[in-house]
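Student: Quick mapping for you: the protein sequence lines, in order, are chains X and R.
Numbering-wise (the UniProt record's numbering), the first sequence opens with residue 1 and increments by one.
Numbering-wise (the UniProt record's numbering), the second sequence opens with residue 1 and increments by one.
Warning: the hint list may mix true and false statements.
For identical chains, the list gives no copy identity; a pair is met inside one copy or between any two copies.
Said to hold, decoys possible - In silico DSS-like pairs for lysine-lysine, Cα to Cα no more than 25 Å straight-line:
hint, residue 1, residue 2
1, 217, 473
2, 187, 325
3, 325, 343
4, 395, 133
5, 302, 134
6, 225, 371
7, 343, 330
8, 333, 67
9, 225, 302
10, 309, 371
11, 187, 134
12, 343, 398
13, 187, 330
14, 217, 67
15, 298, 325
Calculated from the structure, these hints are not laboratory results.
The primary structure of each chain is shown beneath.
2 protein chains.
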Amino acid sequence: MNGKREDYMKAMTSAHIEEIMSIVKTGRVLTDESDRFSYSFDGSFGTYLPDAVIQTKSVEELAALVKFANRERIPVYPRGQSTCLSGGPLPVKGGMVFDLSVMNDLLEISEEDLVAIVSPGVLTADIHKAAEKKGLLYPPDPNSSHVSTIGGNMAENSGGPRGLKYGVTKDYVIGLELITPEGDIIKTGGRTVKNVTGYDLTKLIVGSEGTLGIITKAVLRLLPKPPASETVMAVFDSLIDAGSAISKILSAGILPAKMELMDQASIVAVENYEPLGLPVDAAAIILLELDGHPAALKDEVKQAADLCKSVGARDIRIPQNVAEKAEVWKARKLVSPAIVRIKPTKISEDATVPRSKIPQMCARLQQIRDKYNVHLVVFGHAGDGNLHPNIICDKSDKEEMQRVEQAVAEIFTAAVELGGTLSGEHGIGTMKAPFMEMELGAIGLDMMKRIKEVWDPNNIMNPGKIFPEPGQKLELS
Amino acid sequence: MNGKREDYMKAMTSAHIEEIMSIVKTGRVLTDESDRFSYSFDGSFGTYLPDAVIQTKSVEELAALVKFANRERIPVYPRGQSTCLSGGPLPVKGGMVFDLSVMNDLLEISEEDLVAIVSPGVLTADIHKAAEKKGLLYPPDPNSSHVSTIGGNMAENSGGPRGLKYGVTKDYVIGLELITPEGDIIKTGGRTVKNVTGYDLTKLIVGSEGTLGIITKAVLRLLPKPPASETVMAVFDSLIDAGSAISKILSAGILPAKMELMDQASIVAVENYEPLGLPVDAAAIILLELDGHPAALKDEVKQAADLCKSVGARDIRIPQNVAEKAEVWKARKLVSPAIVRIKPTKISEDATVPRSKIPQMCARLQQIRDKYNVHLVVFGHAGDGNLHPNIICDKSDKEEMQRVEQAVAEIFTAAVELGGTLSGEHGIGTMKAPFMEMELGAIGLDMMKRIKEVWDPNNIMNPGKIFPEPGQKLELS
Numbered sequence: 001m002n003g004k005r006e007d008y009m010k011a012m013t014s015a016h017i018e019e020i021m022s023i024v025k026t027g028r029v030l031t032d033e034s035d036r037f038s039y040s041f042d043g044s045f046g047t048y049l050p051d052a053v054i055q056t057k058s059v060e061e062l063a064a065l066v067k068f069a070n071r072e073r074i075p076v077y078p079r080g081q082s083t084c085l086s087g088g089p090l091p092v093k094g095g096m097v098f099d100l101s102v103m104n105d106l107l108e109i110s111e112e113d114l115v116a117i118v119s120p121g122v123l124t125a126d127i128h129k130a131a132e133k134k135g136l137l138y139p140p141d142p143n144s145s146h147v148s149t150i151g152g153n154m155a156e157n158s159g160g161p162r163g164l165k166y167g168v169t170k171d172y173v174i175g176l177e178l179i180t181p182e183g184d185i186i187k188t189g190g191r192t193v194k195n196v197t198g199y200d201l202t203k204l205i206v207g208s209e210g211t212l213g214i215i216t217k218a219v220l221r222l223l224p225k226p227p228a229s230e231t232v233m234a235v236f237d238s239l240i241d242a243g244s245a246i247s248k249i250l251s252a253g254i255l256p257a258k259m260e261l262m263d264q265a266s267i268v269a270v271e272n273y274e275p276l277g278l279p280v281d282a283a284a285i286i287l288l289e290l291d292g293h294p295a296a297l298k299d300e301v302k303q304a305a306d307l308c309k310s311v312g313a314r315d316i317r318i319p320q321n322v323a324e325k326a327e328v329w330k331a332r333k334l335v336s337p338a339i340v341r342i343k344p345t346k347i348s349e350d351a352t353v354p355r356s357k358i359p360q361m362c363a364r365l366q367q368i369r370d371k372y373n374v375h376l377v378v379f380g381h382a383g384d385g386n387l388h389p390n391i392i393c394d395k396s397d398k399e400e401m402q403r404v405e406q407a408v409a410e411i412f413t414a415a416v417e418l419g420g421t422l423s424g425e426h427g428i429g430t431m432k433a434p435f436m437e438m439e440l441g442a443i444g445l446d447m448m449k450r451i452k453e454v455w456d457p458n459n460i461m462n463p464g465k466i467f468p469e470p471g472q473k474l475e476l477s
Numbered sequence: 001m002n003g004k005r006e007d008y009m010k011a012m013t014s015a016h017i018e019e020i021m022s023i024v025k026t027g028r029v030l031t032d033e034s035d036r037f038s039y040s041f042d043g044s045f046g047t048y049l050p051d052a053v054i055q056t057k058s059v060e061e062l063a064a065l066v067k068f069a070n071r072e073r074i075p076v077y078p079r080g081q082s083t084c085l086s087g088g089p090l091p092v093k094g095g096m097v098f099d100l101s102v103m104n105d106l107l108e109i110s111e112e113d114l115v116a117i118v119s120p121g122v123l124t125a126d127i128h129k130a131a132e133k134k135g136l137l138y139p140p141d142p143n144s145s146h147v148s149t150i151g152g153n154m155a156e157n158s159g160g161p162r163g164l165k166y167g168v169t170k171d172y173v174i175g176l177e178l179i180t181p182e183g184d185i186i187k188t189g190g191r192t193v194k195n196v197t198g199y200d201l202t203k204l205i206v207g208s209e210g211t212l213g214i215i216t217k218a219v220l221r222l223l224p225k226p227p228a229s230e231t232v233m234a235v236f237d238s239l240i241d242a243g244s245a246i247s248k249i250l251s252a253g254i255l256p257a258k259m260e261l262m263d264q265a266s267i268v269a270v271e272n273y274e275p276l277g278l279p280v281d282a283a284a285i286i287l288l289e290l291d292g293h294p295a296a297l298k299d300e301v302k303q304a305a306d307l308c309k310s311v312g313a314r315d316i317r318i319p320q321n322v323a324e325k326a327e328v329w330k331a332r333k334l335v336s337p338a339i340v341r342i343k344p345t346k347i348s349e350d351a352t353v354p355r356s357k358i359p360q361m362c363a364r365l366q367q368i369r370d371k372y373n374v375h376l377v378v379f380g381h382a383g384d385g386n387l388h389p390n391i392i393c394d395k396s397d398k399e400e401m402q403r404v405e406q407a408v409a410e411i412f413t414a415a416v417e418l419g420g421t422l423s424g425e426h427g428i429g430t431m432k433a434p435f436m437e438m439e440l441g442a443i444g445l446d447m448m449k450r451i452k453e454v455w456d457p458n459n460i461m462n463p464g465k466i467f468p469e470p471g472q473k474l475e476l477s
């Protein structure tokens, strides 16, 4: 598993390139170093140059390339827009990158079946728009949706703020067309929400980070769009009180579409980046979006505001129109760009804990910040326990990066000790692979590895991801 | 795969029974034929006598038994209350049945984490009650929930009327404790809704019909209970109009909790069984349950009623109190017991089609009924395309059963041809196994089989289910 570079062909030969060219009749094969460089990184850490990049809209050509790659033991990496935060599309063992962002022709909405049929290269935001035009909703909304592809979202099982009420990408994928690691084209699931015909390969593949095959088409379940939504911002002088407000609201029978937390460091960062009138002296704010029938919303907004006040919110803001609402949500959207102003490198984690453990996790994060003297910012999807502890650092500072390494390892340990998980929505990729056994145990991890090995006997499909190599450790410095 | 009887130990020896007795220290081992007979059938077709039945609450004892069974090649069958309609718990190759209905001690609700932690033998209805006491909802509601176990529901990925709005069992299982086919105890998932740490073994196991291991504990996601619900019954003179009403309502942005269809044959059967004042001259009725905020419901009920009228409903009934609502839903609950009054044998199918294909599927079912002259009753979860065509027959009548066999095969073909699936919520089991390749293709089926083989190399875990044996055909006569 995850064999070394020498388990694969040493380097691609000109004969290989010729064979690739002969297979790719309708697309492009990029081999210039300058072209290949654009495919050597993603939204995470590290750069790895592929030997060739393939752009084609033809499923048959891709399948033929995979058959060839399997025969010649050439690694293959499916790739969308590479906004991935865990290294999913990085060509860590060399070989071919398949640029699936070009496969973006199909975006069909069936109002009758309440499904969308999509190509993997379609931007997720375009699915949102197409569904909304017909009064429908595709709920998963990773913050990157305006630039990320649905194929990438499926590979990593992306979440987003609406995960609390609506679940994640996997909950909406009901059918797939897939190229297997041996180059066969299969279909899984279909257009029906209920389907128990054999093993659920659809949900196995979604979230498998491109290690079990290449998704070339998908059927997504849609919902009727809720007729209205309201936003509430609550300001707290204590992070613990903010945590209590979250619990109170959920146990009062209110299920907000979004329930986001920003700590003081993220509030200050955003306000410095773009003044929005946020309370920079507050310990935390929570942002709620409630959706549904207008009459129901009126009640729920009042109830949520009262509950926040009852646990110590010092201020409640309820934006009154679309522009005011957009302004509030802009604050949350700006956290990521704002914090990288502080230092150039952002290590973005998404360790997730049961929601009752959020106050304890916040305390552990503060200890870790102080112990390793790192710049730690905490924000994220508090309602579902999916925090985003981000460490802002400078990758050229070796000493600092060693402290960051230790801090990151301790964040993972804290999440697992609190009954949580290494990754809520970003994926394991390369960086978190060394921690898999800590969460899953040796046998749990082995049961996953068995599936990988029997589906991809030559380990050509996105090697180096999810499964740790012997002795692999987290390395940022 | 699914080797013949001779691939396993010929018959269990007294030495085997002694070893089993030495492992099971806290439970019971049943070997008397009269005891074993009670474990030879389920809610489907056929009887198969196991060699021994084990009842123990100890996970460690069960794991030790599986290790022993794996060493000695003795088949193992996990079993709940055996309400299964597809043969899931049938001991078709002899060996040991594990009666997990005795493992029913754990039913813990965490309001803060919005989860339930349960043993596999807990009745699903008891989970409903425990959640409701705390203002929460466990949505999956198979009609058998008062007698079926959550373990069986997970094995078969049971659905139920609320599938339309809330999804099926799989959508609510987020963590498992599992005994693997080699007798190891592993954990999958956890208490967080978001979790992308490696492959999603939880959703692979739920719905795998007990072929990949034995579930010994589960974490279920709960929702806040909707504050109110309303019921609407609409009466139609044409099945096609009823189908149109279903489409209209869904595309108007209303997502009912339940949307059930009863055809004339099922209306008449229920009315003969217990007079409820149903319109026996109607071609079809649809039953809606809407849930949510009372103010929203008031609007939606009116809108749904108007939409039904606009496509030709001749009568709308809106029950005004709890007792009247219960009476309406009783009609739907009574379909199953009512139709077996007609003839003793019920072949209950759950072929599912994309919801836009419901009118076409209804037409195909009528053709099949006439062609083979069988007593076919159609009812079910129309909102999600999950119809329940039931054939009422007499298994002692060989000639009739041959016609039934052909009719069933043609129902499966019709569903797959219309872009649907063999089974929406009952599972494949033994009866539908011969049709798997028709839906999945040879390679699609092989990719499933690879997982089974690598997880269960000796094929001891519920053999004879899901995967067809060479040359296997549907046999009812």
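Student: Any hints this thing doesn't respect? Which numbers, in order?
Tutor: 1, 2, 3, 4, 6, 8, 10, 11 and 13
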